[in-house]
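*Asks:* Given next are the chains, with one letter for each unit.
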Amino acid sequence: MPNDNTDDSDLVEWDDEPAAQDDDDSALETEVAGFTTTTEVAELADGTGHVILSGPGAGTTVAQAPDGLTRAEFPIRGRDAALTSGSPLFLVHFPHQKRDLMPRLLASVVAATRGKVSTAAAVALPRGTDTALTGWMDSCPAASVRIADPLGYMLDPTIVRIPETSDRALGWRPYLGEDTIDAAALVDMQRQVGANLLLSSGRALDSAEPQEALNGAFSEGDDALAALEADERLALNLTLTASWLSNATLRDKLFSQLLDQEQFDTWHIRVQWQSSLRSFHQPTDIALLAGYKRLAQLAKDEGRTLLLPQTGLTGWLQLAFGATGYGAGLFGSGHAFKEHSRGGNGAIPEVERYFEPTLLHIVERAVHDAMRARPDYVRCDCPYCPALHARPDWDHTLAHLHMLHWVGRLGGITSPSRPIERAIRQSVRDAVRTADGEPLAGVNVPRHLPVWDQLL
Amino acid sequence: MDFLGAGAFGDTWRAGDTAVKIICVDGYPPERVGREVAGLLRVDSDHVVKLLAAESVTLGGQIRPALTFEYIDGGDLEARFNDGVVPTPAQTRDLLLGLLRGLADLHAADGTLHRDIKPPNIALRDGDWAQPVLLDLGLARSTTETTVTMYPGRLGTAPWMAPEQLRAQPARKASDLFGVGVTVRTLASGEHPFYEPGADYTYDEALAQVLAGPKPLPETITGSVRTVLDLLVRPAEFERGSARSNLRRLEQA
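Top line first, the protein sequences correspond to chains A and B. Residue 351 in our numbering sits at position 351 of the first sequence, with consecutive numbering throughout. To convert, count from 1 in the second sequence and add 456; that's our numbering.
Some hints could be false.
[Stated by the list, open to error] With the Cβ distance kept under 8 Å, some of the chain A side facing chain B (calculated, not the full set): (1) D260; (2) W394; (3) D395.
[Stated by the list, open to error] What follows is a set of in silico ranges between Cβ atoms, one per label pair, in the way DEER data are often shown: (4) A:S275 - B:E707: 25 to 35 Å; (5) A:D24 - B:P691: 57 to 67 Å; (6) B:G679 - A:A390: 38 to 48 Å; (7) A:S26 - B:G567: 27 to 37 Å; (8) B:E526 - A:A248: 39 to 49 Å; (9) B:D656 - A:G216: 57 to 67 Å; (10) A:A132 - B:G567: 35 to 45 Å; (11) B:L667 - A:Y377: 47 to 57 Å; (12) B:D656 - A:G177: 30 to 40 Å; (13) A:Q454 - B:P626: 53 to 63 Å; (14) B:G567 - A:Q426: 54 to 64 Å; (15) A:A81 - B:G530: 16 to 26 Å; (16) A:V378 - B:A586: 14 to 24 Å.
[Unchecked claim] Take a look, some chain A residues computed to stay more than 12 Å from chain B by CB distance: (17) A227; (18) A248; (19) L298; (20) E352.
Bear in mind the hints are in silico, worked out from the structure with no lab data behind them. Please read these numbers as outputs of a predicted model, since none were measured by experiment. Using N, Cα and C, we set each Cβ at its ideal position, and we do this for glycine too.
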């Protein structure tokens, strides 16, 4: 199998040019489907059809559920229910490769959580043509929410560390070359590609001019609100450097004014993490994490919907405190919005790694093999592991799909007697105990767990 | 016409069932009056005084804005405080609920702020603690007081200011919530939560007093009322929450 991603270089993950679809995608899809036996369908909330949740064709729709199929006891939630029901919303970011594998992935999360987790398909306007983005979102019927993020922060390379905007992205989205953004036009672009949750631009907030930055973001948000049509919804879209959450003065200013702006009932907030963070690892900066926690608590206290794109497991943790949505993707950039680093050459072979659900961490394959060899090891029942472990060689894509499935699935660990905060606390404490019992070293040590335990 | 009182920007007179406030300050920006009036006309709340008309009168050859409000018969909280009246815990809860409902309605009306919540600006309709009504709203954005002083018999504006207002930063909804918190705590305990009677504080000293935290509430104030009254006087604006979230805390308890 080709190495389609690098280990700690995220260069390829910043790519704004979707690669041509690999023929292997359909072969892989067929291979995964071959390991599933049960076909289950769930009805779409609007009653227009059913989504196949498992088995052949998982992630696609059928108008009528064929006889003999298992019908799920839950529907695919509509947008508003997904945003306001209090259940987690798992945002899956449009991958630059392997995008045809995502519809099954979304359905698998809904199925594994018995509908407790809703999903969102999230594209970025500068990452593709209207046709490509619309086509992908249309191919994800299990997604209750569809987002087309304008990535306005690409206009702010002096605030967030990002690569230079490509000519192709500028061609697709000319607003990235303009000084000001027409909020109404931006909302319309999102409509054109089929988004059902619209966003303000997402310009980055300059911590050196905090009040000016906030005023600008709220003003843009107000303009976008004014451009909404009946039944449309908008999320205030903010891009922040980590200091906005870790610095008490900035945090207080941000939170006070978010609270004051009652017209925005949904917050879509992206925070840039340091470049040195390894792919698929979690930040351990306690000030940053405490800021996230307080933000999530504020959202919960005030009845706002907080969506945290590109946060992976760190975003999942925030569900315990009051966040509604967290985002991840097939590659590292989906799990973290990190500072762009000019290091690396994109040609480093990817390390064979596996996400261990019981550790809430990704470990090297040798560690996974040792754990899996034990008689008491609970084998993963995700749709991807049978194919992954049946192969003689390691398939990075299947390993990534397994991880992405689990990051979403973990949002559904609640039960009537165990609400999300307790469920996550228990899950983290169990993982701490598991880690304590394993001879882990180096990158295999889940260093984030003690920090999370402290926050919980 | 009976004279009701003098405020920072004008005098208020009673005329039958109405109270007429005449803005007497030279140069009071007419656009500010217009903006505030537009906001107030959108408020429909039992706990916010109703603006009935916005007109102008000529006084001494000068045209002055004149705002006509409903007249609330029942006395204000300043008079009760000066008379040494302390509400029971149940009356304290009623007062807090009513004020938060008024604020929630006010803030929902296009983000209108009061900016000057204090005992003399709160009347009790029919003398009922459960029917507080916010008066004199939206006009006073600043104070001419140079120190923070709890004068006997006159409660001023500065003692009710939130930390951000003491720092000369713009008032926000959270500033109104702070005013409600300080006002209700003062009534419930019979003393100001931050300042000693008759003492003079510079604004910096007043800020230090506020940041040091309030005097404890009477032990009879318990449960969600105590929780909300503690939240409302937090120095960080966001920690005070919104009127709606504090109402939820009270109503769900």
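*Asks:* Each hint should be assessed against the structure and marked as holding or not.
*Replies:* Quick rundown of the hints versus the structure:
no.: 1; hint: D260; result: 5 Å, holds
no.: 2; hint: W394; result: 47 Å, violated
no.: 3; hint: D395; result: 47 Å, violated
no.: 4; hint: A:S275 - B:E707: 25 to 35 Å; result: 47 Å, violated
no.: 5; hint: A:D24 - B:P691: 57 to 67 Å; result: 58 Å, holds
no.: 6; hint: B:G679 - A:A390: 38 to 48 Å; result: 60 Å, violated
no.: 7; hint: A:S26 - B:G567: 27 to 37 Å; result: 53 Å, violated
no.: 8; hint: B:E526 - A:A248: 39 to 49 Å; result: 44 Å, holds
no.: 9; hint: B:D656 - A:G216: 57 to 67 Å; result: 41 Å, violated
no.: 10; hint: A:A132 - B:G567: 35 to 45 Å; result: 40 Å, holds
no.: 11; hint: B:L667 - A:Y377: 47 to 57 Å; result: 55 Å, holds
no.: 12; hint: B:D656 - A:G177: 30 to 40 Å; result: 59 Å, violated
no.: 13; hint: A:Q454 - B:P626: 53 to 63 Å; result: 36 Å, violated
no.: 14; hint: B:G567 - A:Q426: 54 to 64 Å; result: 42 Å, violated
no.: 15; hint: A:A81 - B:G530: 16 to 26 Å; result: 46 Å, violated
no.: 16; hint: A:V378 - B:A586: 14 to 24 Å; result: 58 Å, violated
no.: 17; hint: A227; result: 19 Å, holds
no.: 18; hint: A248; result: 9 Å, violated
no.: 19; hint: L298; result: 6 Å, violated
no.: 20; hint: E352; result: 45 Å, holds
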